[in-house]
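What follows is each chain in one-letter form.
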Amino acid sequence: MDRDEIHIIARHSEWPARDIKIALQENVYPSPRNWQVFLKWTCLGFGVAFFLTGVIFFFAFNWQYMHKFAKLGIVAGAIALAIGGSLIPRLNGAVRKSLLTVASVLTGVLFAVFGQIYQTGANAYDLFLGWMVFSFVWVAVARFPLLWLLYFILVNITWLLFLDQQSHTFFLDYGYVTTALLNFLLFVLVTIRPNLFTEFTRAPRWLLYPLAAAVVSLYTAGVFSALDDERYFQPAIVPLFVAAFFGFLLYQYGMRQKEVTYPVLTGLSAMLIGLALMIYFVRDSASVFIIGSFYILGTLAALVVYFLQLIKKWKAHEQ
Amino acid sequence: MSSNLPDWLSQSDFPYNATEIQQELERKKQTPTNPAIRLLLVIGVFLGSIFLFGALFMMGFQESMIGVLMIGIASVAGGLMVNRKSRSEVYDTIAVSVILMGCACLAEVVAEWLVDTPLGIPVMALVALVIVVLSYGFVLPFLGTIGFFTALFLWFAMEEFPLGMSVLYTILCVGITLMYLGEAEILAKLRPRARLFDPVRLGSLISVIIGLLFFTPSYFPDFLTRSQLPYFVFYFSVPTTLLCLYTIYYLTPSLGVRSSTAQWGVLLLFIVILSFFLYAPAVSLTLLLLFLTFYGRHPTGIVLSFLSLCIAVTYYYYELHYTLLTKSVILMLTGLLFLMGYWFINRHLHHHEENS
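For the protein sequence lines, the chains are A and B, in the order given. Residues in the first sequence are numbered from 1 upward in steps of one, following our numbering. Residues in the second sequence are numbered from 1001 upward in steps of one, following our numbering.
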C-alpha cells in the first residue's frame, strides 16, 4: 500500500486517525534504521564539506609571515595524508572515498595557493585546467558518483573559462553547442561505462539527470541565441541540427530505459524551439501572441497526453 | 472492479464507500503522476497564460477595464468549472492556462482601480484562495497556494508591516509542521476535502522557502533595518527554533531513541546547536524543513529543504563578522564535530548489526 492509496481510502471512509497513522508508519514513513542511515550520511557529507571549506578559508587568509614553501607544504602534506588514509583497507569504503574527495578538492587549493604566491591569477582558466588534470586520478580511483558530479562541474567551469579567456571566434560562436556536446559526451560515457563512475552496474539517476538537463538546456539556449539576430537564419542551422540530433538520442535513451524524464526534457525543449522558430518567422507581435497561445496550449496538451500514455504502457508491460 | 480494493478493507470495522474508492484507484491507475510531467505542465501553463494574456492585449482589450474584468472573471470561473468537471489532461491543461490568464486580467484591473489603496494585493490573495478551495488536480491548487502566500508576503512587505510578516510566517511554519507531523489527523478530519493535501503541502513548503529568500530578515537585512521593532530577528528565530525543537522531540521515538533521558539528551544537544543560530532563523527553519520532509518521505521536499539548508548555512558563515582565519577554525571544528557524529552513528549501526 502506498501513500496515494492510504489517502484515497481515508478520504472515502471513516478510517480512524490512529489507524491511518499506523498505516502510514508501516508503509510510508522511515524506520529508525532509515533515520540512522540518513543522519550518518548527512554527518559525513556536512563534516567533509565544512572541514574542506575551513581549509580553503585558512589559505584564503593572507598569511604574510608564513614562508611560501610552508604554505605549499601544508597543502601538499594534507593531500598526501588524505591519499595515504584512503589506502588503509581497514577503513570503510565511504570514509576512503571521502578522503579521495578531500584530496581532489585540496588539489584545487594547492593550485590556488600556488597562484596566490606566484601571482598567476587565481581565476585564470589554467588554474581550473590544472585542478581538473591533476585531480583526475583520485576521482577515477574513487568511483564515487558524487565526486564525479563535482568533477563534471569542474570540467564545465574549465571549459567555460577557456571559452571566455582563451578561445578563438569559432568556439565563441558555438559556445552553447560545444558545451552541450561536452556534456553529451560525458552523458554517453556514464551510460555506456557506468563501472568507471560507480561500483554498481548502473549509474545513479542523480548523476545522469543533471548531465541530460545541461545538454538540453544548452542546445536550446544555443538555438535561441542563434535566432536572436533577425537578419540571418544561417547561424541557427548548426544549433538546430545539434538540437535535433542530441534530442533524438536522449529521447531514444529514455524510451529504451523506460524513463519518462528524458522524453519530457526533449519534449519541453522541442516545444520551446518551435516557439522560437514561430516568433522568428511570424514577427508581427499580435500574430505571435495569438498563434503562440494556440501553439503552446496545443503542444503542451499533446505532450502531456503522450507522456501519460507512455507511462501507462510501460506499467502495463511491467505487470 | 472489486479486485482493486485492498483485501483488508472488507474485514475492517469502519464504514467506507467502496464505489468511490474503486473509482479513485482506477483513476489513479489511468493518470499516473510524475514529477517531470508536473514540471512540464507548470512551465507550459505559465507560458501559455502569458501568451494568452499578451494576445488579449494585442487585440486592445485593455482599453476597457470593465471588459478586462469581465474576461478575467469569466476565465477564472469557466476554467474552474472545466477543471472540476473534466477528467481529461487536455482540457485540464487548457483550463489551468485560462485561469492563470484570468488572474493576470484581474491583477491588471486591481492595479488600475485599487492602486491608491492597500486592498489590491489582498484581493488577489483572496482570488488565489478561492482557486485553491474550488480546484481539483495538482497544478492549480499548488500554484494557488504559492500565489496566496506570496501575495500576503508582498502585501506586508509593501505596507511595511513587520509584525504581520512575522505572524504570517509563524502561522505558515506551524501549518507546515502540522501538515507533516499530523498527516493522519488531517486526513481523518478533512476526509473528501483532503484531496488538496499534496498540492497545498508542496505549495506551502515552496512559499516558506520563497518567504525565507525574499521577505524575512534571514536573507533580506534591508527589511530588518527598516523595521522599528527591537530585536526583530527574534520574531522569526524564536518560533522557528521552538518548532524545530518540538519536531525533534516528537521525532526522537521514530529515530529509535525511546528512553526519556536519551530524548532529553538529544533535545539538549539541539538546544545548544540551535542557540548559535538565533540571529539566523533560516538555519533552524531549513533544518526543520529537512527533518519534516524526511519524516514525511517527501522526495521533492527533501531536495528543496536540503538545497535551502546549504544556502542558509553558507549565508550564515558568510555573514559572520570574524576574520577569515577565525572563520576557517570555526568551519574546521564544525566539520570535525560532524565527522565525530558520523563515527558515533556508524559505530552504533555496526554494533546493532553485530547484535542482530
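Think of the hints as simulated: they come from the structure by calculation, not from any bench. Since the model is a prediction, treat every value here as computed from it, not as a measurement. Careful, some of the hints might be misleading.
To be verified - Just a sample of chain B residues kept apart from chain A, beta carbon distances all over 10 angstroms, derived:
#1 Y1136
#2 Y1249
#3 E1354
To be verified - Chain A regions said to be covered by chain B (calculated; three or more residues, Cβ under 8 angstroms):
#4 28–42
#5 233–239
#6 261–273
Just so it is clear, CB atoms sit at the ideal spot from N, CA and C, and this is done for glycine as well.
If you test the structure against every hint from before, which numbers come out violated?
Of the numbered hints, just 5 does not hold.
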